[in-house]
Amino acid sequence: MPADERGILERIRAGDTDAVQDIFEQHRTRIYRVCLLYTENADDAKDVLQETFLRAYKSIGRFRGDSSFPTWLTRIAINICLNLRRSRRSAERLDADRKDLLEHHLPPSAPPNPEQALNMRELRERIVSLVRKLPPRERMAFVLKHFEQYKIREISELMKISDGTVKSFLHRAVVTLREGLAEERARQRGRLVKTATRPDLTKG
Amino acid sequence: MTRDSHKCGWSSEALVLYLYGDLSASDRERMGSHLSACARCHRELDSFRETLELVDAADLRDMATFRAPGDIGELRRDLDRLKPASRGVAAYRLRAFARAAAVLLLAGVSFLAGRHWEQLVTTYTLLTEGTPQRPDTVPGELHDAPGDLLDGNGLLAFSKQTNGYFDRSRLVLLEFANANAATSSPALRAASQILLGETDRVRQLAHRLNDKRIERLVSALEQILRQIAALSGQGDATAIAHIKRQIDDILDQLEILRAAPQRLAVRRS
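Listed in order, the protein sequences are those of chains G and F. Counting in the working numbering, the first sequence runs from 1 upward without gaps. Counting in the working numbering, the second sequence runs from 205 upward without gaps.
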């Protein structure tokens, strides 16, 4: 464990809540990203982030150093995510949740072609929708692997499942995404074909 | 969606792992050679690669990074309400254990005498009424007496109407967590059974409070209590270990509820 991290943990054990701020600064982006990619809901992700650090502070006495501190912290966040119970939500709420993940982000240069922009937006929405529909643990394994680049063994440790199960979850997630995206592209191609074959009504 | 092996002997799953660089060095080399000879595996690998490239093109990771919140204010307020970790951990656990032991003793007596839980709690409250105040109390510090009043009118009413359901559950879970690993006590199983009998009513009250988190906590407690109640009293070591792993998470939530109930207050309908 890095010396500065050890020092921070000792301060937390001593009841120094300022030390939690240091840990928060170091890890909040990564933890929040995992939470948001998993929950696709900014409110839930922020709640999980807050609870993660709160529980870490409360449970610091239980951290024995068997794993690294970031791993322990991430495991707390994953536990909270996986235990989230989703209440039934209206279609409007689902749309609002998707917007949480999709809005406010502008690419460095907007594509000049409006059709391209529309297709990218639809693709993004479709991917978010497909990831959301993955079973919770497959979704978590995919988020940790694809977006956070954890190794299989690390994911196994974080999720407390076997390596084989991680591999299985990952494979199933990728297959599901492949099938879903294939449908989306077929749908977009179908729309383009209809557009291309529309008769020119300006010619008499 | 299966791990079907192609006739060539390589599984679809192995192709995904190959893309992610998660095959062993020797398997990676063999796969590399194989792909140059097997059209089917090559096609499937390309389809997986294209899928993952599309996911990358959607740029979700960067969007999530862009939006990470930086405000620690709310977290600091919650932390300030909690008991300082170092001062509290050992002493807190000792007090919790002592109280849980008292509950266990009373639960055992009550169980044998066939008394109701309400009488048990009343007796417990009377026993602890004379406990001297801790000198280092600060606002929002944890209290150990059952049925302790919580902030927030809704939660206060909830606690009163459920006779401190969360506090009583917490005591049972604490005692279970500290108990012998090999066997479960009849008193704890009986206490769990009594709490389970109240669950429907508690859940209805939580629903009226319109707080999804409270409802979720009630459901989670119910699951744990069912498992405890179902223990047979002999040869339970594996089941007990499994339950103990789940208890940590629930205890954390119950502690947060006691220390910072506004965190579990109604946020949005």
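Just so you know, the hints here were simulated from the structure itself, not pulled from any lab data. Ideal Cβ positions, reconstructed from N, Cα and C, are used throughout, including at glycine. You may find that some hints are simply not true.
Footprint (simulated), chain G over chain F, 3 or more residues, beta carbon under 8 angstroms [what the hints assert, rightly or not]:
#: 1; stretch: 261–267
#: 2; stretch: 369–383
From chain F, some residues computed to sit far from chain G (all C-beta separations above 12 angstroms) [to be verified]:
#: 3; residue: K364
#: 4; residue: E402
#: 5; residue: R449
For each hint, the structure was consulted:
1. 261–267: Coverage by chain G holds here, the residue count being 7 at a Cβ distance below 8 angstroms.
2. 369–383: violated (count 0)
3. K364: With a cut-off of 12 angstroms, K364 (chain F) remains clear of chain G, as the shortest Cβ separation is near 26 angstroms.
4. E402: holds (20 angstroms)
5. R449: Given a closest Cβ separation of 8 angstroms, the condition is violated.
Violated hints for the displayed structure, listed by number in ascending order: 2, 5.
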